[in-house]
Structures are given as C-alpha cells and as structure tokens.
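Please arrange chain B on chain A, whose structure you already have, making use of the hints.
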Amino acid sequence: MLGIIVEKEIRDLLGSTKFAITFAACAVLVLLAFYVGAARHNLHQARYEASQTENLRSMKGISDWQELDEIRIFLPPQPLESLVSGVSNDINRTAIVRGRGDIPTEDSRYNEDPVFAIFRFIDLEFIFKVVLSLFAILLGYDAISGEKERGTLRLSFANSLPRRTYIAGKLIGAFLGLTVSLMVTIALGILILPLMGIVLSGQEWIKLILVIITGLLYFGVFLTLSIFISSLTYRSANSFLISLAVWVMCIYIIPGVSVLMAARSVEVPSSDEIAYKKSTLGIQLAEEFDEGMNHFAVKGSADPEELMSQLNSYIDSLNDVRDMKMQSLSSRLNEDRSNRRQTQENLAFNLARISPATSLSLATSHLAGTSLTLKNRFADQSREYQRAFGEFMLEKTGMNTGGMIKLRTSKSCGGGDDKEDEEPQPINTEELPKPMMSSFTFAESVNPALTDIAILIIYNFVFFAGAFIAFLRYDLR
Amino acid sequence: MTKDLIDNTLPALEATNLTKKYEDGVLALDKVSFSVNRGEIFVMLGGNGAGKTTAINIFLNFIEPTSGEAKINGIVSHREPLRAKQHIAFVSENVMLYPNFTALQNLDFFARLGGKQDLTRDELQAVLLRVGLQEEVHHKRLKGFSKGMRQKCGIAIAIVKDASAILLDEPTSGLDPKAGRDFVELLKTLRDENKAILMSTHDIFRAREIADTVAIMDRGKIIMQQAAGELAGKDLENLYMQYMAGSNNHTTNTTGGVNAGHNS
Numbered sequence: 001m002l003g004i005i006v007e008k009e010i011r012d013l014l015g016s017t018k019f020a021i022t023f024a025a026c027a028v029l030v031l032l033a034f035y036v037g038a039a040r041h042n043l044h045q046a047r048y049e050a051s052q053t054e055n056l057r058s059m060k061g062i063s064d065w066q067e068l069d070e071i072r073i074f075l076p077p078q079p080l081e082s083l084v085s086g087v088s089n090d091i092n093r094t095a096i097v098r099g100r101g102d103i104p105t106e107d108s109r110y111n112e113d114p115v116f117a118i119f120r121f122i123d124l125e126f127i128f129k130v131v132l133s134l135f136a137i138l139l140g141y142d143a144i145s146g147e148k149e150r151g152t153l154r155l156s157f158a159n160s161l162p163r164r165t166y167i168a169g170k171l172i173g174a175f176l177g178l179t180v181s182l183m184v185t186i187a188l189g190i191l192i193l194p195l196m197g198i199v200l201s202g203q204e205w206i207k208l209i210l211v212i213i214t215g216l217l218y219f220g221v222f223l224t225l226s227i228f229i230s231s232l233t234y235r236s237a238n239s240f241l242i243s244l245a246v247w248v249m250c251i252y253i254i255p256g257v258s259v260l261m262a263a264r265s266v267e268v269p270s271s272d273e274i275a276y277k278k279s280t281l282g283i284q285l286a287e288e289f290d291e292g293m294n295h296f297a298v299k300g301s302a303d304p305e306e307l308m309s310q311l312n313s314y315i316d317s318l319n320d321v322r323d324m325k326m327q328s329l330s331s332r333l334n335e336d337r338s339n340r341r342q343t344q345e346n347l348a349f350n351l352a353r354i355s356p357a358t359s360l361s362l363a364t365s366h367l368a369g370t371s372l373t374l375k376n377r378f379a380d381q382s383r384e385y386q387r388a389f390g391e392f393m394l395e396k397t398g399m400n401t402g403g404m405i406k407l408r409t410s411k412s413c414g415g416g417d418d419k420e421d422e423e424p425q426p427i428n429t430e431e432l433p434k435p436m437m438s439s440f441t442f443a444e445s446v447n448p449a450l451t452d453i454a455i456l457i458i459y460n461f462v463f464f465a466g467a468f469i470a471f472l473r474y475d476l477r
Numbered sequence: 001m002t003k004d005l006i007d008n009t010l011p012a013l014e015a016t017n018l019t020k021k022y023e024d025g026v027l028a029l030d031k032v033s034f035s036v037n038r039g040e041i042f043v044m045l046g047g048n049g050a051g052k053t054t055a056i057n058i059f060l061n062f063i064e065p066t067s068g069e070a071k072i073n074g075i076v077s078h079r080e081p082l083r084a085k086q087h088i089a090f091v092s093e094n095v096m097l098y099p100n101f102t103a104l105q106n107l108d109f110f111a112r113l114g115g116k117q118d119l120t121r122d123e124l125q126a127v128l129l130r131v132g133l134q135e136e137v138h139h140k141r142l143k144g145f146s147k148g149m150r151q152k153c154g155i156a157i158a159i160v161k162d163a164s165a166i167l168l169d170e171p172t173s174g175l176d177p178k179a180g181r182d183f184v185e186l187l188k189t190l191r192d193e194n195k196a197i198l199m200s201t202h203d204i205f206r207a208r209e210i211a212d213t214v215a216i217m218d219r220g221k222i223i224m225q226q227a228a229g230e231l232a233g234k235d236l237e238n239l240y241m242q243y244m245a246g247s248n249n250h251t252t253n254t255t256g257g258v259n260a261g262h263n264s
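The listed protein sequences correspond, in order, to chains A and B. Residue numbers for the first sequence follow this note's numbering, so the first one is 1 and each next one is one higher. Residue numbers for the second sequence follow this note's numbering, so the first one is 1 and each next one is one higher.
There could be a bad hint or two in this list.
[Unchecked claim] Calculated pairs, SDA-like style, for lysine to any residue (alpha carbon to alpha carbon, straight line, at most 25 Å):
1) B:Lys21 with B:Thr9
2) B:Lys140 with A:Ala24
3) B:Lys147 with A:Ala237
4) A:Lys148 with A:Ile118
5) B:Lys147 with A:Ala24
6) B:Lys140 with A:Ile4
7) A:Lys375 with A:Asn350
No lab work stands behind these hints, which were simulated from the structure alone.
Looking at chain A on its own, in the form it has when it is part of the complex:
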C-alpha cells in the first residue's frame, strides 16, 4: 500500500504543470549558479595572478632591500567560494605587510564590483536558501489540504488504507520525487565545473557533495514543513499563506532580528574606537621615541659606517620598545574585542538557528571555507607572514621595516657587497619568503559544519513527525 501511495505521489507531482514550470525555473537557476560560479572563479583566479604579478613588478628596479617598505599578500580564490560565497566577497583580500605593526587590508570583491554589493552574487547557496525552499513550499503546501479540496482524500480513505501509510507515502513520495529530479539538475551543474576548467581536489569534491547534501536536507525541511502546515489546515489557500509567512520569517526576519538582538545584548567596541585608542598611544609613543633619540650617543670611533650602524641599532631598539608597548595595547584591545565579538556572534548564530536558513548558511559556508573564520584565518596568515618578512628584512638590512625612522645604509644594496663604481644590482624577489596561504583542511571545514547539518536533520524529523501526527488527527470529512 505504501508503494502505491509513493508511486502515485511521484507521478502526480512530476506530471503537474506547477512542477514543470517551477522545476524548469529552478533548473535554469541551478545551472546558471554553477556556470556563473565557474566563470567567476576563473575571473578571480586571473585577477589574483595579475595582482601577484603587479606586486612583483612594483619591486622591479629596487636595488636596496631597505627600499622595500612593505609587501602585499593576497588571499587566493578557492573553487568552492564561487558556489558558496559566504563572506569571501565582503572581506578584504589584500594585506599590506610591513615588518612590524598593524596589517592594513584592502580590496574586497565588492570594492571591485560595487554593484554586486547591492544585488549580491547569485550562488548555489542562494539558490538553495531562497529559490529551492520556495520551490519546496510551492509543491508541498497543498499536499493534504489540496487532496481534501479535490475530494480524493475521502475517496482514498473509503478503502482499507491506514492513515500512517498514507502520510508516510505522501512524505516519502514528495521527497523522493523532488530530490531525485533536483539531483539530476545539480549533477548536470557539476559537469559544468570541469568543462569550464575548474579543477577540484578529492577533498573539494567531497566538500561539494556535502554542500549539496546539506542543501537537499534544507530543501527537505521546507518540504516537510509545508506538508506539516498542509496537515493542519483544510484549505490550500490558508496553507499557502501560512507556509509563505513562515518562509519569509525563516529566510529574512529571524536571521536579521537575531543579529540585531545579539548586537544589543553584547556590545563590541568599534574599530574606530580601537583605532582612536591606538592612535592616542601612538602619539605618546612617538613623543617617547623623539625623547629617546635625543639620548643617542656614539660609542667608539666616528667612522660613518659604524656611526650609521650604531644609529640603526639604537633606532631599532627604540622601535622594539615602541612596538612592544603598542603590541601590548593592541593585543589587549584586540583580545577584548575578539572575545566580545565571539560572544556576540555565538549569540546571534544560536538565536538565528531557529531558522533552518541559518543552519544552511553556516554549514555550507564552513564546508566551502567562506565562513567568518576566513577573515580571521587571513589575518593570522598575514601576521605569520609578517614575522617571516620581518626576520627576512632584519637579516637583509640589519633592521626591521615598519619603524618610525629608517636610515639607509649602503650595506644592503643589491643583495651583496656594494662597490661605488659598480652598477647597483636589483634585489632578487625570489629570496622573499613565500606567503603560506593554505586553505582550510578537510577537518577544519567539515567539523564546524556538522552541528548545523545535524540541526537540519533534526528539523526534517520534527516536521516529518509533526505532519505524521497532525494527519493522524486530520478530519477527513
């Protein structure tokens, strides 16, 4: 009996004009998401390579390492970013690294393409979150109430048909019919990636499959939810309106309100406040530096080279002190801000998880490596590079860059002994330490996503059970 209901449900769904129209629209959007994602990744890859080339080109002609004040490092694009953009378009992707001090960043993608900041990119996560959830509701809202209106519910139950068999058949049939047809479309979309030259590693393939499974679970949540609502109502129009209202709440209202509530509950000092405090200390430290410079005294011979070396060492020691004090304040302020921000984010996420849309966004962005941690990771990697760069410059020039004053000596020119009558040799940029911009490991991507995947599974069970129980009490008349 279950098989008969499942089969009927699948045939009824797939044969409906409503399905044909909505599915065609969804299929086009899914394929478009893959195509646009692949094209965008290629574009971002080209831009990334161009930025690196430009960075090296800007160092051309430099013959003294001391002239190299700063170096730019770039966050490389990842293939899955274009399918689940997360924060990857919002964060700055270029870090300007000096040997010491803060690391300013710039060049977010929305900075490059500001029009997308208004309309946002359409990616696979958006298709799942907005389009496919609406698709699920459109096809599920009249699952029970529609049968009642058509009189087929009475006709079906004039037979020896247990209610639990009927509702289970409905849920299974609808889920199978819709997810299998969606999976076919998604599989076609995946084919676009290699066709457009996107190469995914084995782990990236697994992550992509997990993203799709998460999306289908999310789709299942809205499908079971709409069938649940249909089991509570006796008119399709009412079921549709309630489902639509719940959908709007889940997609737009709950996440937004949760962030607002979290922001009101936990205050995080703004970057301007922190910058002001740092600037105040910076002025004070600059005065101390000037004061310190007044106490410089030459030791031993007055050989100019020796004098320069002593002065640079003295400046470096003053810079170290200044840096230490600034670091101390910075790390205190940053730690406080980071802790508060973490509390605020956790609160916002936990509140927003009432909506399955939040779980979808969090899980898929973790899997694609575009969650909020991407920004912190880039900052950490930039700091790591700063240390390597600082040590490199110290070795090359005898002092670290990024201080207040830098006196140029002739020692570091051309990467070797300088002779006045010889043509200065350009620096060899190959010697520069290479930034280690590793992407998230498999465990780093998957582990944080598991909670939200589990939440989506639970939502599926809850709404499945809700529809099941509601239908057992449904008035069949």
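This is chain B only, laid out in the frame that chain A set:
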C-alpha cells in the same frame, strides 16, 4: 490484507440506533436505524443538515458515532474500519480526482488502493466503457473533463472495487439530465448485480425512480421510511413536503439549534 468472506445472511449495511452528537452540542444523528440488503437501493432524502452525510461518514469511519453502530457485512465500522472498508465503495458529490492523471491512471490508482492490483489495462478500460466514458477520453487528463465525466470516473472507481455495498453521497447534484439518466441506469444494473446501494440525495425525482426504499430525514432523524411498493401511486414530492412541515411543527430541538455548521 486478505478479503473477508461475506456472510450473505446479514444485511450489507446496517445502522442501529446511530447517534452523533458533536462537541458543541449539535445532534447530527439521533438514534437512526435502517438496513440495506444486497440488491437493494436505499435512498436517504432530506435537506441540508438532515444527517444524511453524517450517516455515510460513520459508515466510512470518517467520524465515530456517539452511540449506536454502523455495520458493513456485520463488521462494526468504527471498531474494525480497515476490515469494514474492504466491503464498501464510495462515490462522493463533486468528484475532482487527480487532474494531472488520465481517466485510466485515476482508475488504476484507486483500483490498486481498493485491493485490485492485478487488473489489466483492458479490464480497466472495460469499466470505463461501462460507465459511458468512450475510449478516446481514457488517456486524457481529467483537467478538461466535465463534471458528468468526472462523476462517471467516480462511479467507475466504485465499480472496479467490486465491493458488496456502495455508498453514494449526493452523486447526481450538478449533473445534466442526460448524465443523470445514464447514472440512474447504471445504478439499476449495479442493483441487478446484487450490490447494496445507500444513496443520499436532495433529488426527489431520482429517488422515486430508482429507490427500493426511501427514508426522509430531518434534523438527524428518519421521519419517514417506506418501500417503493408502499410509495406506488403517491406523490413523493407532496409526501416529502408534508413530512418536512410536520417535522418542523412537531420536532422539538433538544440542542437549541439545527446542526448547521457540520456536514449533514
């Protein structure tokens, strides 16, 4: 589920002191008793809210009686609904069926639901032809079907189950005269096949034409029940109006209101 053997000595349909009182106090059925034997058409006549559909809903176990019993081949419908429903087929008013399915697909689905899983396409088409649906529409979706054609599909669904009792709830409402006539002829052939038929209707003329027994219902009670033989030579419309007028004069409403708000 294996089908029970039928005890032919029992009435196919039997209501004994069937009473339904809703939670809001409305008395939809008040100790209604009747029986329908095989080869008999029992017609329940009455206005809206008389209790006709409530009685049918109890036989189908869509609602439980407050007291009394509705039996199908001796099986109490609310105690063993799945067993009882093996022996009944149902035709409702305004059957919509599945508009995306063809007539044949609709019939196939409901036939399998009714336990007839091995019927061939030819056998199914024969049933559709029997109810007057020509072959050219068998493969057409029900979207474009008229009410009369859909109703014929509904009858086909009832016939294909080959149940011993058929319940019909206002089956002729909205049918054009030709479709109504075809429908009556079909019911007569079903009676000749020894089916027990319980039909609710507002249509006095159809009731007169086909009923073996007519029961006039008002406010949950059978206020008149006569066999076709007893009705011979009587004007059923006049009789109906007289009984309704009498019922209005004499029936006291124990609940303070008629049973509007519930299915009759």
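**Prompt:** CA of lysine 147 of chain B to CA of alanine 237 of chain A, is that 25 Å or under?
**Reply:** Holds, because 23 Å separates the two Cα atoms, which is no more than 25 Å.
**Request:** Below or equal to 25 Å on CA atoms is what counts here, so check lysine 140 of chain B against isoleucine 4 of chain A.
**Result:** holds, 21 Å
**Request:** With a cut-off of 25 Å on the C-alpha distance, tell me whether lysine 147 of chain B and alanine 24 of chain A pass.
**Result:** It is violated: about 32 Å lies between the C-alpha atoms, which goes past 25 Å.
**25 Å limit on alpha-carbon distance, applied to hinted pair lysine 21 of chain B and threonine 9 of chain B** = The given pair, whose Cα atoms are some 31 Å apart, is violated under the 25 Å limit.
**Item:** Pair hint outcome, lysine 148 of chain A versus isoleucine 118 of chain A [Cα-Cα no greater than 25 Å]
**Value:** Cα-Cα ~44 Å, so violated.
**Item:** Straight-line alpha-carbon gap lysine 375 of chain A to asparagine 350 of chain A, limit 25 Å
**Value:** holds, 20 Å
**Item:** Proposed proximity, alanine 24 of chain A with lysine 140 of chain B (alpha carbon, max 25 Å)
**Value:** holds, 24 Å
The structure is inconsistent with the numbered hints 1, 4, 5, although it conforms to all the rest.
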